[in-house]
Structures are given as structure tokens and as C-alpha cells.
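Q: Here is what each chain is made of, one letter per residue.
Protein chains: 2
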Amino acid sequence: MNRAALVLAAALLAGFVVPALAQTLRSPSRKLTLRFQLSPSGEPTYALSFGPKTVVRPSRLGLVLQNQPGLAQGFSVAHIDSSQHDDTWQPVWGEVKSIRNHYRELAVTLQQPAPQGRRLVVRFRLYDDGLGFRYEVPEQPGLTYFTVQDEQTEFNLPANHHAFWIPGDYDSNEYTYSTTRLSEVNTTPIEAIQQKAAPNRIQTPLMLKSDDGLYVNLHEAALVNYPALMLNVDTRSFGLTSQLVPDATGTGAKAYLQAPEHTPWRTIVVSDRAPEVLASKLILNLNEPSTIQNPSWIKPQKFVGVWWEMHVNKGSWNYADVSNIKLATTDWSQLTPNGRHAANTQNVKRYIDFAAKHGLQSVLVEGWNVGWEDWAGNWKEEVFDFVTPYPDFNVDELHRYAASKGVQLMMHHETSSSVTNYERRQDEALRFMKQHGYQAVKTGYVGRIIPRGEHHDGQWMVNHFVRTAQKMAQQQIMVDMHESVRPTGLHRTYPNWLASEAARGNEFNAWSSGNPPEHETILPFTRLMGGPMDYTPGIFQIKLERWNPTANKGRQVHTTLAKQLALYVTMYSPLQMAADLPEAYEQHLDAFQFIKDVPVDWDDTRVLLAEPGDYITIARQAKSKDEWYLGSITDENARQQQVKLDFLRPGQRYEATIYADGKGAHWEQNPMTYQIRKQKVDSKTVLKLQLAPGGGTAVSIKPVGQ
Amino acid sequence: MNRAALVLAAALLAGFVVPALAQTLRSPSRKLTLRFQLSPSGEPTYALSFGPKTVVRPSRLGLVLQNQPGLAQGFSVAHIDSSQHDDTWQPVWGEVKSIRNHYRELAVTLQQPAPQGRRLVVRFRLYDDGLGFRYEVPEQPGLTYFTVQDEQTEFNLPANHHAFWIPGDYDSNEYTYSTTRLSEVNTTPIEAIQQKAAPNRIQTPLMLKSDDGLYVNLHEAALVNYPALMLNVDTRSFGLTSQLVPDATGTGAKAYLQAPEHTPWRTIVVSDRAPEVLASKLILNLNEPSTIQNPSWIKPQKFVGVWWEMHVNKGSWNYADVSNIKLATTDWSQLTPNGRHAANTQNVKRYIDFAAKHGLQSVLVEGWNVGWEDWAGNWKEEVFDFVTPYPDFNVDELHRYAASKGVQLMMHHETSSSVTNYERRQDEALRFMKQHGYQAVKTGYVGRIIPRGEHHDGQWMVNHFVRTAQKMAQQQIMVDMHESVRPTGLHRTYPNWLASEAARGNEFNAWSSGNPPEHETILPFTRLMGGPMDYTPGIFQIKLERWNPTANKGRQVHTTLAKQLALYVTMYSPLQMAADLPEAYEQHLDAFQFIKDVPVDWDDTRVLLAEPGDYITIARQAKSKDEWYLGSITDENARQQQVKLDFLRPGQRYEATIYADGKGAHWEQNPMTYQIRKQKVDSKTVLKLQLAPGGGTAVSIKPVGQ
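As they're listed, the protein sequences go chains A and B.
Quick note: the first sequence uses numbering that gives the first Met the number 0, first residue 0, plus one each step.
Quick note: the second sequence uses numbering that gives the first Met the number 0, first residue 0, plus one each step.
If we strip away everything but chain A, and leave its shape as in the complex, we get (with noise of 0.2 Å):
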């Protein structure tokens, strides 16, 4: 039976009811209803439920075109496909070794009236975790090239849910989280990032949970050539409608297209229990196939580098302590250096003994080149170069260093949002790149973009973030990039794409009131349902003023020591950084044995406890090896958790490692105890874990008797 004959057979089989106007999709177990039905203006419109339980009401779907009729209204159905899909591919790095895409197909071809008689494909993926669905605008005489004004889809919820949320801002992913139920949605108090819009616009992931106990997650998956979707919400009805991010000419023109083109797809992944939307893989289902043959040379890694001394005040970015540079004209080398730029050679030379002694494969330089002087704030187009070190950096013998070491520098470009003068330099520095040897590249976009008036989040800019993605993998090059649009799945596609910051990482716990306890048991319910994220976990110096007295004077991360540990399991990444100084590490070497030992890759995960906003636990097998990593957090309340080890191979004796709160621990009195103890542990073992406020327990399972 061939493949066409397969889903042929599969749609008949799938027993579906097609009347003139309403179709019926069941998931394929039959735990999630969808409904379409044309209205009697021939708006499509759409519904899902979950078992008995309402996820979203008859809600709107459509396109509202510029300068020409949309594709919202009039239509009629001319045609439906339905098929189901069942197999299973492998990542080429992941939480799990193996990922099945089981999905039934309901696709849409809508029709508005002749003579014009234009075609709008809408294609629904129903998954026993969720929905998708997508836009298609198949090729068509008279609708070629045409702008998206604003897109009409809508997600009616039933009731008033709690959310866990951030405003609505185009340009930046870095809020703490808001939890309110729906009709309290208000963005007005926030501190704006960058800029924010609306008082009652919000970002996706948007994390729901019912009264009546459903965990509801709204996103988009693989987004390509169109904006980021973000969510208006009607306070009293419930009613939540896309806002795609504009573009730079004040029109309200969202996305340039040309037919066949599709939209990313919506999601609405839903589930009763919480940690089953934590193990939904129904974005990366939606994403393409990896487009990289050999990947090889993609290596998931750990990474230390010379960046936390900067935040922390102990070191700079800059050279010289000037203010105003032209890099075109100005000399380097006739500057007075500061005496605090921690890029220099000596100092990274000693990121790489650290790295090299403790088998980290990575160093990370920022503050490498020219231009960090007056780089940010200003919207200026030429601020980095990409290709000249400061003086007091030589690329050539920490290549040569680095390489005699076993140890890979990574490569830093900040762009400062001049993303014209990167995207004109990029060439060279890739060239830059290759002849010194870097594999991997870190990105940034602080600042408004240039092109003036784009956002972060616009057409324009998430296509320069995945050309930068195809770029780089053309030249066999890994890329973490932060400040970008908030990842939907392309990690699939393009696994080259380790990760993206977009979000508030632990940064902030350096220079700004921080991020509360809570905010790391909400992140993977929220931004990382896209992907991975560099949240930088590893601060064992948790207060700052060790480093810098005066500038830090009252600050510090918010967590206890262990915690860090734990975020290596509960926050998944292919790239995780140590973000501390080496020197902090070494005050700890004990606890420090836990992120030399955690894996970044996995053969299989399991989430064992999890509710967004007050803890999570998470159990993940080494890639390859019978051994496994636990990562346990709550937010600011103590807890106990009792977690059931049943996913150990049974019959097999294991060691666990322990590392928890100590005695006393508390993330803001008393963040920095710890301890470790060793348990023999098998299949049977239920571990008891106690976890203090802001804290958490990192334990390592290795097999003993082998």
C-alpha cells in the first residue's frame, strides 16, 4: 500500500461526518473534539473541547488583507481533506531519544464567490495533547503577492482562567511573569522593557489553568516569514484575538507574502495534568524536518564564560571608558584602556584552564572586539565591526591556546539591534570565524532595531533570525542567540539552533530587582514550550557584593545554591551554561561535581511533578548511559516532594547523588548552604526531597555493581 493509499485509507477509516458546513475531528484517542462550521456569513470559525470540558468556544478564524478584500468572511467550503498521521522520528538532540507525531488532519478549502472565487486553506492537526492550525493561501489566479493586515483568530475561552503572562511589548520577552486570572489582565503598572503596547496585550506561550483543572497553552509553531502572534485580551468575555507584530511603515501592514504561503501554526496544547504540557512535543511535531544532512557536528555542550564578571560589576565590556567612538575612524590601539576589560588574554586563558580542567567544552568571550565603548542606547547603525579585537585580545594564541587545551572558544556577536550593519558584515565575520577556528556564535539584539521602526518580533526580523540559522549552518556553525523573537519549534529544523535567550534570564538577577522564585517554575510552561532557552543557570555566589561591593551593594540571585543545580534538569537546554566565576566555582568543587556531571542531551525524560508558578520535577536519562539526572524546585514556599524512582531500570542498583537545600536554606536569608549526601537507590526507591523557599535538589543516578 502506498502512502497516498495509506491515508486514503486511514480517512475512511477515521469514520468522519462531513456535512455542508460543520465538520468534526476526534484526536486520536479521542480525547480532544474539534469543531468547524462556517457561520452564516461564511466566516469559519472553530471549536475544542476536552473530554465533556470546553477549551475554546466557536471562535473566528480569517485574514484581513491589505488594500484588497480578506480572506475572513463569504466563503464557502469547496473541498475537505482528512487523513491521519502516525510515525515517530529522532531529533537530532532532545529531551527524549524518539518522538511520535500522531495527529488526525482536518483541511479545509474554503472558497469566496466568483468571479474572484478566492481560496484560503485551513489546516487542523488534532493531537491527543493539542491542536494546531494554519493559514494557507494556495497559488491562485489574482492573489499572488498580497500584506497581511491583521490576522482574525480568535481563542474564546469558557471561563475566567488564571494566565501566566507578560505585556504585549514587540521588542522584548524579558518580564517576570504575571499571574491574575484573565479579567485582571493589565499591563498598564509594568515597567516597560522596550515598549509596551496595549494595556490588555500579551505575549505567547500564554500558560491557562481552568477552575475545572485544565492546563492550557497557547502558542505558534514554526514561525517563518510572518510576525510573532501575541494575544488581545477581552477582560469581561474571555475572548482572546491574535495581534501579529507590525512593520516599520505605520500602515498596520504585518506580513509581506506571496502565494502558496501559510502562516505558522496555532497551537493549543491542553491536558488535565500539568506535566503532560511540559512533555508535549506537539510544537516540534509541527516544525519541518531538520534541513541539516550530516549533523554531526552539532555537539550539544556545556560552557563557561567571561561575561558574569561583567554583570557582576567586576569586570567590563569596554576598553576604554569613553564615550564617544566612531568605529570607522577611531584608533584602538592610541586608547586608554580602563584596566577592568575582562576579555583580555590573560583572563580568558584562565576561563580556558577551568573549562579544560573540569570538561567543559566551551569558553564564551564577550567584550572580544572593538566597539563596546558606547554601544548601546543610541540607534546608531555602525557600533561592531565583528572582526577587530581590542588590543589586549589575541585571537591568534588563545586559538592556538584554546585548541592545545581541547577547548573551543565561542564566538560573541552583539549586534546592539544594528541588524542592516550585521547583516552587511556577516560574510566577513563568518570568515573571521573559520580561520579562527570558532564553532559556535552567541548573538544578541539589545537596543531598537535597525532597520528603524522594525520590531524584534516583526516579519523582518524573524526572518533575519532564521537566515542567521540557515547562514550559520551553512558553515556548520552552532548559534545561540538572545534577545531574538521567542523560539516555535525551529530547533527541529534547523538543529544547529541550540538556543535563544528570549526571555528574562538569570541575568537579571545581577542588575535589577531580579527575578522572583517562582519565575523559573513558570518558564518552562511558558517560553520554553518553544524551545531551548540560555537562561544561564550556576550562580553559587549568590550575593553579588563579594564581587563589587558598592555596585552591588543588597543584590543577589534569587535562589539557594542548589537550586542552580536543579535548573540544569528542569530547564532543558543542548547548551547550558556555567555562568559563575571560575572562582566561585572553585569554593564549591563539591557541588560543582553536579554540573561537570550533568548531561546535555537525553534518551528519555519524565516530568514528574509540575504546576506553573510553584514547583517542578523532572527526571531525565543521559543520552546513551543508564543513568539518570533529577532536578526538583519550588518557588518562594518550602515543599516536600516524594518522587518515585519507578523509571530506573528494574533490578538494576543505582547511586544517587544528592545535592539539596541545607539546614536553614532560604533563597533570600540564607541562599548559599547546601548539601550533598549518597543514596543507594532502584526502581522501588521513593526519595524524599526537601526542598527550602526559593530552593532545590539536583540528584545524579548512576548504576553501581556494573
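These are computed hints drawn from the structure, not numbers from a lab.
Careful, some of the hints might be misleading.
Since the list gives no way to pick one copy over another, a pair counts as held whenever it fits inside one copy or between any two copies.
Taking lysine-lysine and the DSBU-like style, the derived pairs with C-alpha atoms no more than 30 Å apart in a straight line are [to be verified]:
1. K624 - K30
2. K298 - K433
3. K30 - K313
4. K433 - K470
5. K96 - K552
6. K470 - K325
7. K313 - K677
8. K348 - K433
9. K701 - K687
10. K542 - K662
11. K643 - K687
12. K679 - K404
13. K298 - K356
14. K679 - K701
15. K298 - K687
16. K677 - K662
17. K52 - K433
18. K687 - K325
19. K552 - K433
Guided by the hints, dock chain B onto chain A, whose structure is given.
A: Frame of chain A, contents of chain B only:
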């Protein structure tokens, strides 16, 4: 005496009068007088007179800044520097062998009250043929990064002059000129090329003629890192006010600057003789010297091109007749060729053969690269990649073939104004060019700019054009920019920037209402004041139905054949196209001899007769040769011109070959008749030229008896 001492001595000798609020400066021969004065509210003003005649009445100066107080009033004079300057320099190529730069300078440092005490310098350079002035913001505390919201430069004219103007379109200069009184300026009835702005907004270079016999040209010099200058006309007071081209943000921002920085020079060329306006080197003098150390690779040249045959519907740029192409995914080898694609290997060889046979240096080929199927009008980012030839264009074979014939191929980069796309591919495009032996490139910017919202004439694009000239210079590539901002003399600084279009070229005659016969008598007084134009003269087959009776029905170039020859002299450019098809020239090889003979680089130039909108007669001496070439053109009126050849070397006999309109010639009814006669001449000869309506005469003058 060192240079500083010389300047000081000159200043003392000049005997400047320095009262607190008013300054008077006279040009070297005292023809022109500048008066600078602060108004009672501390506004800087200037006025200019030519002998007793007022050129500019007192007019305000100043800069308005965004989000901070302006630099336009509240000033006192902090400091005055005055000096004079006299030297002579040699352009890499040009109309004359050497250029005298002789001016008196007044630099007024203005200061606002403490505590800010912000400073602005207005620098005036007064020549005998005009005035240049610019704003300079020196490095100073509290004013490093700033945004120019508006420039408040006035040119208050004393009367209702005649003006030769085009509408203030921020994206195009490709208009025919309107000739009206200032009071009658109104762009409303004029069909927009891209988008007209306010009804009274017009462009520079603006040519004016007063009733009392003054010829005044307003423009700018050295436009770098700043938007182009346009002018708002007060049709009642005859005051002109600067209007800078805005950026994409919609905030009215015009220029993002970093001190120390200066604006371009605002230029006022003035004379009581029209020919002296054309002969002025003021704009070149106000530009910086060449940045190219060894310019031996820069070669003024003539070229033919696979180009006009597309304009006259004989061939096509595109390879296939399809209207929906995606650069990234199309398999070009699978397209069905339309059979009319002009840039095919065989046809290009025909042009190479023709160029080689007739001693023309280069062959431009447009439509060689994939993407022309739906390249224009869609505001699409990915249109061309600049490195992929169509299947029928064998770049390697053509490179070898051209080289074997001693001919260069000229590259073509049409960007479709997707400039972000061009910039990110420019490095690769340059590698392709170097690999295949290209030494020159013609660029094009048809359509709306991407970054969307930016304008052709805004700061961002101005920087792009300059950056492109610089980038090409680094690779020893000559460049010819079409649809660029109009030139401002930057070819002095970047002599590899041979020419620009940036006005309504000959091509408009092929497919629009065309250019009226007066057009070429105005261009030298307007567009060409800033630099050479690639006007593409030399159309011999004036009735275009010859090439495609259906598509070109009734179409013709608005010229006589002889006038096309004269344009090679009257429209100065170091890059001149022989724009017609080889088969057109082969019908008239006697006339084509002038195009073969006429140089593109000169030792001397004499503007013999000129009146904007009416006629121009120019004689030029070939580089390093005792040969002269004369061109004389008229508008729609027949004229008899008496031309004294007193520029010839006394005592030397010459043979003049006179290419004149034939009997009964007329641009519309009988354009292709011409006569060629030879005549012995010397420095005492007065040539009588009979110009037909819309006609012209070209003359080559070569010494005999040597």
C-alpha cells in the same frame, strides 16, 4: 611659511570686519558678498549679493533636533575664524585637467547660554561663482548623539524668478522639468513617479533665472550620512525652505548623527552668464579629495549593452513568461524559456563582436541573472541573488570570449530596491564578479525601498550608496548607479563612482510620453550640476516601430539623430553608452564614427553658448590630445548658432567633421535625416551651425598637417 601661518596671514590680509553680530565676506574677486548676522533672538541669518543685485535676502539658518532643544536660536557668536584658500588640484577624470579651488571662508562658532552652552559652527565658503555653507556640530559635552528633526535653512529669493523644477518625490528624480515662475510652482497636476509630497515641494538642483539677469543654482555638495535636501516654495514670498527627506519611523526624524559631524554643503552657484553656471566647479571643490590612492584601474569608457532591445520590446529581461517565482525554491533549469530572453550567450557575443570591432570598451548585460520573471512592483525582499545566471547565459564562456576580443563585460545588479537583500549578498556578488573578470557594475534601485518605509533619498539610502561606492573601490570596481539619490560631487572623493542616473534618462522615450526636446538643455543646469549622468544617448533608430510595430506603435525618441551625437559632448560623463542596437548603428556607420571618436575624458571644456531650456553649445578638448569635440543642441525650436573656434591652438590647422541635422530635419516629423561634412578650420573660424527643431550638431576637430 607653514600652512597655518599662511592661513593666518591670508585672513589678516583679507581685512575682515568683525563686529559682534554681523559679518561681511567678499569673494576673491569681490563679485559676491555674503553677510552673516544674528537676529535679536539669536537666530543665525545670511544674505548673498552679486554686485548690487540681491541673490538671497536675509534668510535663517539652524537645526531642529528631536526630543531636545534645537540649534536654531538663542545663540551668541563665540568665535569667528576667517581665512582664504587658493590651490589647484587634478581630478582623476573630468571635464578639465585641473581645477582651481579659490575661496574665502568664514567659520562662525555660535553658542547658546549656559549651563548647556551648546555650540554650532556655520562654515561659509565664498567663491567668485557662488557660496557653499554647512552646519558643523563640534564634539562637546552633552551633545554626542542627536537626531535632526528638521533643518531650518532658508533661501529667501528677492523676486518671482523663473524656475526649472521637478516635484519633491522622495524616491525618484525621473521627471520632466517644469518651467514656471516661483509663484506658479504646483506639483499637483504632475503624474507621480513614486510619490509626490506637498504641492510646493521641489527638488534640487534647482535652476533659477531672475528678471534682472542672474542665473542661480541651488543644490548641495558632499551628501554623506544625511538625507537629500528638497525645497518648500512659498509661492507668495518666494522664500525657499529646506525640507529633508524623512526616515521610516514616521516620527519626522531626518538624520541620526554623532558629534563631531557636519551637514552637506548647501550650494548657491550664481552668475550673470548662464555658461558660467555650467562651468562652475564649486560643488566639486566642496567635496573631499579622492580616497583612492592609486586610481590607475579607473577607466572612463564607452560601452554598448544588452539593454535598449528590452526597452523597445525586441527582447526581454526575463527568461520565462511566468508571474510567480520564488528565488529560494525555483528550479530555473525547468522553466520554459520564452524565446525572447536577450541576455543569451549568442546575443551577448554579438554585442562583444560589435564592441571589439568599433573599439568600445565594455558590454553591459542586463537580465543575465535569475529573478526577472516578477521582479518589480511587489515590494518583495528576495528577488535577485546576483550570482545565478539564467540557463542560457554562460558566464565562463562569455568571460573568455570577451577577454579574447579585448572587451570587458559590465556587471548588472538590479536590486529592485530590496537593499537589505542586496547588502547581505554584496560580498558574495563581489566574489562572483572578481571570479569572472568583471571590472564595473551598473546598479539599479527600481521600486519601493526595503527597509520598508525608507526612501531612496533618505539618510539610510544615502549611506548605502556611499558605502557601495567605497566597497566597490576596495575591490577596484567601477560603478554606475541607477535610481540612486542625485549626485552631489562625490565622484571627486570616489572616482570609481563614474556616473549615476538619478534623473529622467533617454529610456523614457522608449515607453512613456518621453522627454521633450528641451529636456537635455535643462539637465546640465540641474541634475548634472552634481555629477555625471548615464543618460544613454546615441539612439539612431528613432522610430521605434521598427523593432516592434505593435508594442511600440507611435513611439519615438524626441530628437534628431544628429542631436543624439551632440549629447556625447553636452552631457558630460566619463561613462557613455552607445545605447542603440548594433544593427541600428550598422545602418549608419558614417554617423556612428562620431561615437567611436568622441572621448570620455577631457583636458579642457568651453561652454560657448547656453540658456536653460533653450540651447547648449559646448566644446571640449580630448585628454592629452590637440583634438576638440563640439556639441550643440536646441529645444523644440530651430536655431542658427555662430560658434567661434578661438579655443583652437593659434596657427594650427584642423579638419572639422560636422554631423548636422539634414535638410528638413525635425525631431518629430523627420528625425533621422542628417548630413556629414568636412571643413578645414582654425582658431579664427566661426562655424555656423543650423539646428533643426529638436536637433543638434556634433563636430570633431582634429589637427591636420602634422
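Q: Each hint: holds or not?
A: Tested hints:
1. Neither within a single protomer nor between protomers do K624 and K30 lie at most 30 Å apart by alpha-carbon distance, with minima of 34 Å and 92 Å respectively.
2. Taking identical chains as interchangeable, the C-alpha atoms of K298 and K433 lie at most 30 Å apart only when both belong to the same chain, with a minimum of 17 Å there against 36 Å between chains.
3. For the homomeric pair K30 and K313, neither the shortest alpha-carbon distance inside one copy (55 Å) nor that between copies (65 Å) is at most 30 Å.
4. For the identical chains of this complex, K433 and K470 are neighbours both inside a copy (13 Å) and across copies (22 Å), given an alpha-carbon limit of 30 Å.
5. When the C-alpha separation of K96 and K552 is checked against a cutoff of 30 Å, the pair qualifies neither within a copy, at 46 Å, nor between copies, at 70 Å.
6. Within a single copy, K470 and K325 get their C-alpha atoms as close as 28 Å, and across copies as close as 18 Å, so both meet the 30 Å cut-off.
7. In the homo-oligomer, the alpha carbons of K313 and K677 never lie at most 30 Å apart, since the shortest distance is 36 Å inside one protomer and 85 Å across protomers.
8. With identical chains, the CA atoms of K348 and K433 are at most 30 Å apart within one copy only, with a shortest distance of 20 Å there and 40 Å across copies.
9. Taking identical chains as interchangeable, the C-alpha atoms of K701 and K687 lie at most 30 Å apart only when both belong to the same chain, with a minimum of 18 Å there against 105 Å between chains.
10. Taking the closest pair of Cα atoms, K542 and K662 come within 30 Å of each other only inside a single copy of the chain (18 Å); across copies the shortest separation is 98 Å, beyond that limit.
11. In this assembly of identical chains, K643 and K687 lie within 30 Å of each other by CA distance solely inside one copy; the values are 9 Å within and 109 Å between copies.
12. For a Cα distance limit of 30 Å, the shortest separation of K679 from K404 qualifies neither inside one copy, at 36 Å, nor across copies, at 85 Å.
13. In this assembly of identical chains, the alpha carbons of K298 and K356 lie at most 30 Å apart only when taken from the same copy (19 Å versus 60 Å across copies).
14. Taking CA atoms no more than 30 Å apart as the test, K679 paired with K701 passes inside one copy only; the shortest distance there is 9 Å, against 106 Å between copies.
15. For a Cα distance limit of 30 Å, the shortest separation of K298 from K687 qualifies neither inside one copy, at 35 Å, nor across copies, at 83 Å.
16. In this homomeric assembly, K677 and K662 come within 30 Å of each other (Cα to Cα) only inside a single copy, at 17 Å, whereas the closest approach across copies is 111 Å.
17. In the homo-oligomer, the alpha carbons of K52 and K433 never lie at most 30 Å apart, since the shortest distance is 55 Å inside one protomer and 66 Å across protomers.
18. In the homo-oligomer, the alpha carbons of K687 and K325 never lie at most 30 Å apart, since the shortest distance is 59 Å inside one protomer and 59 Å across protomers.
19. When the C-alpha separation of K552 and K433 is checked against a cutoff of 30 Å, the pair qualifies neither within a copy, at 42 Å, nor between copies, at 58 Å.
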